[in-house]
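A.B. asks: One letter stands for each residue in the lines below.
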Amino acid sequence: DAGVIQSPRHEVTEMGQEVTLRCKPISGHDYLFWYRQTMMRGLELLIYFNNNVPIDDSGMPEDRFSAKMPNASFSTLKIQPSEPRDSAVYFCASSFSDRVYTDTQYFGPGTRLTVL
Amino acid sequence: GNSVTQMEGPVTLSEEAFLTINCTYTATGYPSLFWYVQYPGEGLQLLLKATKADDKGSNKGFEATYRKETTSFHLEKGSVQVSDSAVYFCALSENSGGYQKVTFGTGTKLQVIP
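Residue numbers (our numbering), protein chains in the order written: chain A, 17 to 132; chain B, 144 to 257.
Hints are not guaranteed to be accurate.
Where chain A lies over chain B, by a calculated footprint (3+ residues, C-beta under 8 Å) [claimed, not checked]:
{"no.": "1", "stretch": "162-171"}
{"no.": "2", "stretch": "175-186"}
{"no.": "3", "stretch": "247-253"}
No wet-lab data here; the hints were simulated from the structure. The beta carbon of each residue, even a glycine, is placed where N, CA and C say it ideally should be.
If we strip away everything but chain A, and leave its shape as in the complex, we get (with noise of 0.2 Å):
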């Protein structure tokens, strides 16, 4: 298997406009999650779908950001309008879990967002 596929790995905007983050998790797997990692906060749970459903979005910052996942093998983490602070690095991860173990998350490459 490929792994988790994100794209872009580098993204770079102005601020104000639309990003558009993509993840392709392992195929089998029914969690998909979105972290942000930045030096100051480390690593956070934005958003985490079971079987393609939203389980928790409690970690997302605010109204400006949403994700998506339309089927099982694709994934969105949109941001309008983006802003500086959202500078960072987005993780996208998926795992399969059976009801009673939980098991390894498998992190993509990451994408690199700098917002001007």
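Model the placement of chain B on the given structure of chain A, informed by the hints.
C.D. replies: Okay, now just chain B, sitting in the frame of chain A:
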């Protein structure tokens, strides 16, 4: 709620030194415990895990034992190498209300000098 507490970094060691990175947790049930490693410019990857009390996870010379009585999962390695320089994250995962709930620590940066 659940939480994971790791020792503050950065940790700087000489090559071949002994490593310990402390991790303690609080959880409502019986979590699985993980150590992830993040090398510069990369995403996190699993280093080792343990799914029940007294289990020992091990990989690449690293070890950690799930201690329920002390709610700890300390990471150890007998002889570190320069290539071990990275950020290490302790994490727990628990099945809560039918869904997977994951909590990460803040990460501990390790720098190994030749």
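A.B. asks: Confirm or reject each hint.
C.D. replies: Going through the hints against the structure:
Coverage of the stretch 162-171 of chain B by chain A is violated. Counting CB-CB distances below 8 Å, 0 residues qualify, and the rule asks for three or more. Coverage of the stretch 175-186 of chain B by chain A holds. Counting CB-CB distances below 8 Å, 5 residues qualify, and the rule asks for three or more. Counting residues of the stretch 247-253 of chain B whose beta carbon lies closer than 8 Å to any beta carbon of chain A gives 3, which meets the minimum of three for the stated coverage.
Hint check: a violation occurs at hint 1 only; the rest are consistent with the structure.
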